[in-house]
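**Student:** Each chain is listed here by its residues.
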Amino acid sequence: MQKREGVFSGLKILAFAWAVVGPLTMKFFADHGATVIRVETSHRPCTMRSSAPYKDNKPGLNRGGYFTYYNANILSLALNMNHPKAAAIARRLVAWSDVFFENYTPGVVEKWGLDYESLKKIRPDIIMLRQSGYGSWGPYKNLPAFGMVLVPIAGLPNFIGWPGKEPLPVGVSAYTDCISPRFAAAALIAALDHRNKTGAGQLLDLSQFETAISFILPGLLEYESAGKEPERIGNSSPHAAPHGVYRCKGDDRWCTIAVTNDDEWSNFCRAVGNPELVKDPRFSTLGNRKKNEDELNRIVGEWTVNFSPEEVMARLQKAGVAAGVVANAADVLHDPQLGGRNIFWPMHHAEMGDFTHLGQSFQLSETPARPFSPAPLLGEHTEQICTEMLGVSDDEFVALVQE
Amino acid sequence: MLNHLRALDLTDDRGFLCGKILADLGVNVIKIEKPGGDPSRAVGPFWGSKPDPERNIYWFAYNSNKKGITLDIEKPRGRELFKTLVSTADFVLESYPPGYLDEIGLGYEYFHKIHPKLIWASITPFGADGPYRDFKDSDIIVMGLSGTLYQTGEADGPPVHISVPQAALHAGTDAAVGCMVAYYHREQMGLGQRVDVSMQQSAAWFQANAIPAYELNGSILKRAGAFRAGTSSQVAQRQVWPCRDGYVFFNVIGGRTGAKTLSALIAWMDEEKLATDFLLHLDWDNFDMFAVTQDVMDKITGPVAEFFRRHTRKELLAGAVPRGVSIGPLSSMQDLLDDENLNARGYWTRLEQPELGTNITYPKEYIRSSLMDFSTRSRAPLIGEHNAEVYKEMGLSDKDLRSLKKDGII
Numbered sequence: 001m002q003k004r005e006g007v008f009s010g011l012k013i014l015a016f017a018w019a020v021v022g023p024l025t026m027k028f029f030a031d032h033g034a035t036v037i038r039v040e041t042s043h044r045p046c047t048m049r050s051s052a053p054y055k056d057n058k059p060g061l062n063r064g065g066y067f068t069y070y071n072a073n074i075l076s077l078a079l080n081m082n083h084p085k086a087a088a089i090a091r092r093l094v095a096w097s098d099v100f101f102e103n104y105t106p107g108v109v110e111k112w113g114l115d116y117e118s119l120k121k122i123r124p125d126i127i128m129l130r131q132s133g134y135g136s137w138g139p140y141k142n143l144p145a146f147g148m149v150l151v152p153i154a155g156l157p158n159f160i161g162w163p164g165k166e167p168l169p170v171g172v173s174a175y176t177d178c179i180s181p182r183f184a185a186a187a188l189i190a191a192l193d194h195r196n197k198t199g200a201g202q203l204l205d206l207s208q209f210e211t212a213i214s215f216i217l218p219g220l221l222e223y224e225s226a227g228k229e230p231e232r233i234g235n236s237s238p239h240a241a242p243h244g245v246y247r248c249k250g251d252d253r254w255c256t257i258a259v260t261n262d263d264e265w266s267n268f269c270r271a272v273g274n275p276e277l278v279k280d281p282r283f284s285t286l287g288n289r290k291k292n293e294d295e296l297n298r299i300v301g302e303w304t305v306n307f308s309p310e311e312v313m314a315r316l317q318k319a320g321v322a323a324g325v326v327a328n329a330a331d332v333l334h335d336p337q338l339g340g341r342n343i344f345w346p347m348h349h350a351e352m353g354d355f356t357h358l359g360q361s362f363q364l365s366e367t368p369a370r371p372f373s374p375a376p377l378l379g380e381h382t383e384q385i386c387t388e389m390l391g392v393s394d395d396e397f398v399a400l401v402q403e
Numbered sequence: 001m002l003n004h005l006r007a008l009d010l011t012d013d014r015g016f017l018c019g020k021i022l023a024d025l026g027v028n029v030i031k032i033e034k035p036g037g038d039p040s041r042a043v044g045p046f047w048g049s050k051p052d053p054e055r056n057i058y059w060f061a062y063n064s065n066k067k068g069i070t071l072d073i074e075k076p077r078g079r080e081l082f083k084t085l086v087s088t089a090d091f092v093l094e095s096y097p098p099g100y101l102d103e104i105g106l107g108y109e110y111f112h113k114i115h116p117k118l119i120w121a122s123i124t125p126f127g128a129d130g131p132y133r134d135f136k137d138s139d140i141i142v143m144g145l146s147g148t149l150y151q152t153g154e155a156d157g158p159p160v161h162i163s164v165p166q167a168a169l170h171a172g173t174d175a176a177v178g179c180m181v182a183y184y185h186r187e188q189m190g191l192g193q194r195v196d197v198s199m200q201q202s203a204a205w206f207q208a209n210a211i212p213a214y215e216l217n218g219s220i221l222k223r224a225g226a227f228r229a230g231t232s233s234q235v236a237q238r239q240v241w242p243c244r245d246g247y248v249f250f251n252v253i254g255g256r257t258g259a260k261t262l263s264a265l266i267a268w269m270d271e272e273k274l275a276t277d278f279l280l281h282l283d284w285d286n287f288d289m290f291a292v293t294q295d296v297m298d299k300i301t302g303p304v305a306e307f308f309r310r311h312t313r314k315e316l317l318a319g320a321v322p323r324g325v326s327i328g329p330l331s332s333m334q335d336l337l338d339d340e341n342l343n344a345r346g347y348w349t350r351l352e353q354p355e356l357g358t359n360i361t362y363p364k365e366y367i368r369s370s371l372m373d374f375s376t377r378s379r380a381p382l383i384g385e386h387n388a389e390v391y392k393e394m395g396l397s398d399k400d401l402r403s404l405k406k407d408g409i410i
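Chains as they are written, first to last, in our numbering: chain A, 1 to 403; chain B, 1 to 410.
These aren't lab readings, by the way, just hints derived from the structure by calculation. Check each hint, because a few of them may be wrong.
Stated by the list, open to error - Straight-line C-alpha distance at most 20 angstroms; calculated SDA-like pairs for lysine to any residue:
#1 A:Lys197 x B:Tyr184
#2 B:Lys136 x A:Arg270
#3 A:Lys165 x B:Arg228
#4 B:Lys222 x A:Arg253
#5 B:Lys136 x A:Lys121
#6 B:Lys113 x A:Glu366
#7 A:Lys165 x B:Ala155
#8 B:Lys50 x A:Glu224
#9 A:Lys58 x B:Ser219
#10 B:Lys222 x A:Ala330
#11 B:Lys117 x A:Asp193
#12 B:Lys260 x A:Ser50
#13 A:Lys197 x B:Leu5
#14 A:Lys228 x B:Tyr184
#15 A:Lys197 x B:Lys50
#16 A:Lys121 x B:Ser370
#17 A:Lys228 x B:Lys314
#18 A:Lys228 x B:Asp245
#19 B:Lys314 x A:Arg270
#20 A:Lys141 x B:Glu340
#21 B:Lys260 x A:Asn142
#22 A:Lys58 x B:Pro165
#23 A:Lys197 x B:Asp400
#24 B:Lys136 x A:Leu61
#25 A:Lys318 x B:Ala128
#26 B:Lys273 x B:Arg309
#27 A:Lys58 x B:Ala291
#28 B:Lys314 x A:Asn142
What the hints assert, rightly or not - Partial list, derived from the structure: chain B residues whose beta carbon lies under 7 angstroms from chain A:
#29 Pro45
#30 Ser138
#31 Thr148
#32 His161
#33 Val177
#34 Gly178
#35 Arg194
#36 Phe249
#37 Ser326
#38 Leu396
#39 Lys399
Bear in mind that the values here come from a model prediction, so they are computed numbers and not experimental data. Built from N, CA and C at the ideal position, the CB exists for glycine as well.
Chain A with its partners taken away, still in its complex shape (with noise of 0.2 angstroms):
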């Protein structure tokens, strides 16, 4: 197998990983260097293979954009856990592996033996880590989980709405996966150097509800002291104003501006080229701004929507007035500052063409992230895995391929 240089060349993980938060999770991994075996099967495959949008619009277990895109430089064995043969590979894969990784369902990896103590009996210093949506113990334990239903559960559509009127969810809609993934890397490579270090192995258990709850924290200790709980703002602050979203020229556009204090305001109205605006009582303080915020708003909204969204931030930044593009997904893919900073790979896959794959989130400046492989064809790399790495032979190989 091709030799991947980074960080964690020569780490070896075993991931039973399921839909977005098990690659993401990886991926801090994969990206650098380490040896990322996922084990899935065509019987059930991952819920992201068999999700919409494909290639051409043609269903296929290799042809989703979604799978594709996260799961870059992980490779795929596959093996069916319900066969009576695939128990005892899944030993010789453990006895392989310094991390076990799985975010299915509690009771899925015990039903097949996998559980943290048979583990140990296998490779006494493995660090298993479990990434379920409430954890691996716990009476929600066996309830299926997903972002979508997350999101709510964490209380985070509490912040997100106008007054008055009903609670959204975050347009990225699994916006959980995202969180848990960093809490989980950042403690397992603190257990992976505890191991290297004194020889020991753990258990490592997160709940994707609870990580989420950071995220809103200062709500929630907002409500412990006043007691009162969370009113959807819609896009005012408290400390700003302007401070909101407004339309922009042309088809679904708009732009962001956000104006803290007395001199950003000055340096606003000379911008919008209305320098008398500075000088109106009703805006003359925070204060004053936040009373008359409907006008204000209306007042602001009439000069952006004659410009672009980019004209704007051009034009705003320049007079030193914070304001950005609300930039959807073609803006996004071609920003000239994510641009510079390998955040997409685009890279060649066998069914998928040329295609962009989701790159790294940092950038570290000696060992950066690399793209060294496309999302693997679900079990492309089975055959590799199980002669070259487990030492099956070829005729082994051979019968177990055709059981």
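Keeping the supplied structure of chain A fixed, place chain B upon it in accordance with the hints.
**Tutor:** Below, chain B alone, put in the same frame as chain A:
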């Protein structure tokens, strides 16, 4: 364990969470504030609604487990103290405007030469370089440029922002991972490096479905309000439903996942005589969300909506757990504090804050280890709370500290 490591945390509210995660993992994190306190302490909300830098709620949320000292690194004596501190540190975390620390001679380039093992994380709105480098930011600006904002909101209205700032949290968690990757590398190769984190990039990293959908179909995923965007179906999929005392999030979806939840939900409705014959005889295993008609959808959603309207959030969650129904009642803040699963897992811990005359409930652990303690052990530091401890360890006397304080250096 990481408790032999030290991090100096110079970040403002753009970067607090990075040091918090490192501190949870065991690193000794020293928060360095300007004398008088970090300017972000002046921006509310405040505990008890009293504007006071020692009552800042955002500070409380993301600085627990850290120690706190004051230091003006821009004054000559402060610079020297900072240099000495850096010589004892494994990590420096900072969120100054790009290039500023280099300009005053205290940047990564300077320290990397004399302390090659040092790991240096910079958290900035747009990254250390590039055309937006010097742009002014605010959470709504960065979330807009990340693509998240555009997709949130009602279909016929403007995009809507999440009112708890999010970009700094994406960036803070990423910076913590970056620091740990860099640390793992250092332990093998002996060399530190720079972790350059852009809040825009960290927030844009999670686009869920927008980028592949655009690339494959040229379609821009838009806002769908209480409905779900992104399916190619002609039929709207409601996602937010009223229940008796609030809202519950639920989608009619196909596939194996959908079949499991839907058939369990219909069985639950049937216990209360709310499942229609149509629902009881629908073949969920072969239900195709992409081929469903509006008429069929209405026949499903009508009784489901009625079922939700009759139940409270608590009843819905309590009933969903034993039946394996994946629905999401919208938790209030009190629901979270009362949540059965969180409490059974010992998720909440009360930390004493004697200066407020109270104790406050915080999450105890974001991740649990069978071997290591990742818990929240101490509340966020007061301004300069650990000055004596940290500076005396460097050989300074009480007299030195008084003089430094008088000169506005600490």
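**Student:** Does each hint hold? Answer for all of them.
**Tutor:** Here is how each hint holds up against the structure:
1. A:Lys197 x B:Tyr184: Within the cut-off at roughly 12 angstroms; holds.
2. B:Lys136 x A:Arg270: With a Cα-Cα distance of about 17 angstroms, the restraint between B:Lys136 and A:Arg270 holds, given a limit of 20 angstroms.
3. A:Lys165 x B:Arg228: 17 angstroms, holds
4. B:Lys222 x A:Arg253: Holds: B:Lys222 and A:Arg253 sit about 11 angstroms apart, inside 20 angstroms.
5. B:Lys136 x A:Lys121: 55 angstroms, violated
6. B:Lys113 x A:Glu366: 14 angstroms, holds
7. A:Lys165 x B:Ala155: The hint holds at about 14 angstroms.
8. B:Lys50 x A:Glu224: Given pair B:Lys50, A:Glu224 holds - Cα atoms ~14 angstroms apart, limit 20 angstroms.
9. A:Lys58 x B:Ser219: Satisfied, since the Cα-Cα distance of roughly 17 angstroms is no more than 20 angstroms.
10. B:Lys222 x A:Ala330: Between B:Lys222 and A:Ala330 the Cα gap is close to 12 angstroms, so the pair holds against 20 angstroms.
11. B:Lys117 x A:Asp193: 16 angstroms, holds
12. B:Lys260 x A:Ser50: 16 angstroms, holds
13. A:Lys197 x B:Leu5: Holds. A:Lys197 to B:Leu5 sits at ~14 angstroms (cutoff 20 angstroms).
14. A:Lys228 x B:Tyr184: Since the Cα atoms of A:Lys228 and B:Tyr184 sit roughly 44 angstroms apart, the hinted pair is violated (cutoff 20 angstroms).
15. A:Lys197 x B:Lys50: This hinted pair is violated, its Cα atoms lying about 48 angstroms apart.
16. A:Lys121 x B:Ser370: 16 angstroms, holds
17. A:Lys228 x B:Lys314: 19 angstroms, holds
18. A:Lys228 x B:Asp245: Judged against 20 angstroms, a Cα distance of about 16 angstroms means the pair holds.
19. B:Lys314 x A:Arg270: Since the Cα atoms of B:Lys314 and A:Arg270 sit roughly 53 angstroms apart, the hinted pair is violated (cutoff 20 angstroms).
20. A:Lys141 x B:Glu340: Distance of about 12 angstroms is within 20 angstroms: holds.
21. B:Lys260 x A:Asn142: Distance of about 13 angstroms is within 20 angstroms: holds.
22. A:Lys58 x B:Pro165: 40 angstroms, violated
23. A:Lys197 x B:Asp400: 40 angstroms, violated
24. B:Lys136 x A:Leu61: Violated. B:Lys136 to A:Leu61 sits at ~44 angstroms, over the 20 angstroms cutoff.
25. A:Lys318 x B:Ala128: 19 angstroms, holds
26. B:Lys273 x B:Arg309: 15 angstroms, holds
27. A:Lys58 x B:Ala291: 15 angstroms, holds
28. B:Lys314 x A:Asn142: 18 angstroms, holds
29. Pro45: Constraint on B:Pro45 satisfied, holds at 5 angstroms.
30. Ser138: Where the cut-off is 7 angstroms and the nearest Cβ of chain A is about 4 angstroms from B:Ser138, the hint holds.
31. Thr148: Constraint on B:Thr148 satisfied, holds at 6 angstroms.
32. His161: 5 angstroms, holds
33. Val177: 5 angstroms, holds
34. Gly178: 4 angstroms, holds
35. Arg194: Holds: closest Cβ of chain A sits about 4 angstroms from B:Arg194, inside 7 angstroms.
36. Phe249: At about 4 angstroms, which falls below the 7 angstroms cut-off, the nearest Cβ of chain A leaves the hint on B:Phe249 intact, so it holds.
37. Ser326: At about 5 angstroms, which falls below the 7 angstroms cut-off, the nearest Cβ of chain A leaves the hint on B:Ser326 intact, so it holds.
38. Leu396: 32 angstroms, violated
39. Lys399: Hint violated; B:Lys399 Cβ to chain A Cβ min 39 angstroms, cut 7 angstroms.
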